[in-house]
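When you get a sec, could you build the whole thing from the sequences and use the hints?
Here this note's numbering is used: the first residue of the first sequence is 1, the next is one more, and so on.
These are computed hints drawn from the structure, not numbers from a lab. No false leads were slipped in.
With a straight-line cut-off of 16 Å between C-alpha atoms, the simulated EDC-like cross-links for lysine to aspartate or glutamate are: (1) Lys510 <-> Asp436; (2) Lys320 <-> Glu391; (3) Lys398 <-> Asp387; (4) Lys430 <-> Asp387; (5) Lys374 <-> Glu418; (6) Lys315 <-> Asp433; (7) Lys426 <-> Asp436; (8) Lys408 <-> Asp387; (9) Lys430 <-> Glu307; (10) Lys320 <-> Glu384; (11) Lys185 <-> Glu12; (12) Lys31 <-> Glu277.
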Amino acid sequence: MRTEEENIKLAELLYPNIKDSREDIMKKYPKRELEEGAMVTRFAPSPTGFLHMGGVYSSLVSTMMAKQTNGVSILRIEDTDKGREVENGISLILGGLNGLGIHFIEGVTGEDTEAGEYGPYVQSRRLPIYHTFIKEMIANGYAYPCFMTEKELNDIRDKQLALGVKTGCYGDWAKWRNASLDEIKAMLDKGAPYVIRLRSTGDANKTYDMVDLVKGKVTLRENDMDAVLIKSDGFPVYHFAHPVDDTLMCVTHVVRGDEWFSSLPLHVELFNKLGFELPQYCHIAPLMKIDGDDNSKRKLSKRKDPEADVQFYVKNGYPKEGVIEYLLNLANSNFYDWRKANPDASPFDFILRFEKFNKAGALFDIVKLDNACKDYWATLSAEEIYDRVVEWSSTYDKELNSLLLENKDYCTAILNIERTGDKIRKDIVKLADVKDLMSIFFDISSYEDISNRVSTDMQKNLLQEYISTYDDSVDGVAWFDNVKNIATKYNVSAGDVAMTIRVAITGRTKSPDLYQVIHVLGKEEMFNRISLYLKKL
RNA sequence: GCCGCUAUCGUCUAACGGUUAGGACAUAGGAUUCUCAAUCCUACAAUUGGAGUUCGAUUCUCCAUAGCGGUACCA
1 MRTEEENIKL AELLYPNIKD SREDIMKKYP KRELEEGAMV TRFAPSPTGF LHMGGVYSSL
61 VSTMMAKQTN GVSILRIEDT DKGREVENGI SLILGGLNGL GIHFIEGVTG EDTEAGEYGP
121 YVQSRRLPIY HTFIKEMIAN GYAYPCFMTE KELNDIRDKQ LALGVKTGCY GDWAKWRNAS
181 LDEIKAMLDK GAPYVIRLRS TGDANKTYDM VDLVKGKVTL RENDMDAVLI KSDGFPVYHF
241 AHPVDDTLMC VTHVVRGDEW FSSLPLHVEL FNKLGFELPQ YCHIAPLMKI DGDDNSKRKL
301 SKRKDPEADV QFYVKNGYPK EGVIEYLLNL ANSNFYDWRK ANPDASPFDF ILRFEKFNKA
361 GALFDIVKLD NACKDYWATL SAEEIYDRVV EWSSTYDKEL NSLLLENKDY CTAILNIERT
421 GDKIRKDIVK LADVKDLMSI FFDISSYEDI SNRVSTDMQK NLLQEYISTY DDSVDGVAWF
481 DNVKNIATKY NVSAGDVAMT IRVAITGRTK SPDLYQVIHV LGKEEMFNRI SLYLKKL
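Okay, here's the thing in structure tokens:
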């Protein structure tokens, strides 16, 4: 057991260059002046080159909660694991978030830029801050250097497993927690690598209650793990960065995935030992996915599920409004009722409530998301959709982009088919669908065969009759009356006549409203197509 | 193995301890006298199991089971 003086010496020995005290640091991060009830939230992703939908979900909740209470939302980058970091990781995160309309008030705004007075907002730029607090903890006897090797750690783990007890570095298993100053000095002189561990004073047999805003009242077991706080490369682990950063940045509500819930007791102990006030915790359930292999539920996985990656939505041109609607629906199921009552409101105006969140993991249902997206596109005009496709295709489909730009009026007319009146067409889920939808208006690559429904000879008769009776000036009802007349004359169904015309001018057995298609194409183009088809028959 | 969280139709969910357990998505059928999409109507479909408390339990308690999470010098 080391004495108080020895601990102070130890702290000085380990961090001789840290001269600031905690007060020096705290002064730079004054309490925020916000109105009563304002929430300060944060989203803290790692720049691993991949923004998970679960992250989008929690960032959406964080930003909306802050906005609804006139608080502050912060985007902080947790880049303390140098092994997993990826180049342009920050831009990827920002791109994905902004692409979905999620914006933070404060924090990182680019690879090397940030906004706000409580920075830096990238953890690798905050090392002296972490070191100041860890130095103080060592001096107080709350933390210590541990020289255990990977092999030693594995060995005790094997022993613990064999004994059927809890694994990890705690109690008597933590061999360096009470080492003498001389023993430590000897190791340091040898240049042995070390980590800084918490010197836990918790008792795992004791429990206490606290409130999680999503889960309600929860009973926690005290932490007794001597968790690693500072890695051998000098970077903090998440567990240590969390209390330090969130306290200095005056975060009031920690919204994070449920996978963190298990480490809450450790965080509580750290807040206490650091003399910090505990924030409110909101552990939201993860997004799940049915695994095809064995039908079991599992976390939406970035390796197995393309829809786990935000890039999937961006690349395919999913509307941000649809994705947001779906996510909000998942967050608070009363969103649906609100949407019915407020059909024109922005989804960001919906009031989220922590107590309405689901406690268990929800299956991420891409079919339902598609449905929300279809509904959204149906609310737009042809011009609005045209603008959105142009914007999207400029990066994701250059060929479609130039087609759109060269034929603006024509393309808008195509997009306007069945988009007016009270029967709105819903066949667009994502902008990537638009290409296929437009293709028939530019080029027919092949014809579907309907000869088993209408014989080739009959098709010729019907089309000739159609050409000779066609009147460009009549409305849809009169146009179809004519189709019916042709049907009667040749003793076939009106459907057969319509189908024949459809295949002749679109090549397909399925198409939008024929009358409207014809008028977008124009009389001349229609006749050209029909004669081309007649030749092929 | 150890620790924790959770449990209602296929999926997301609603239901002061008293409801014919409701809605949405999906699926199936029908209507819209041209296909597809949409829309409207109808149908299908659930309280994990077992004890207990209670006049009465989806709701409260306990046990079991299952799913998920954690058990890292990852977040």
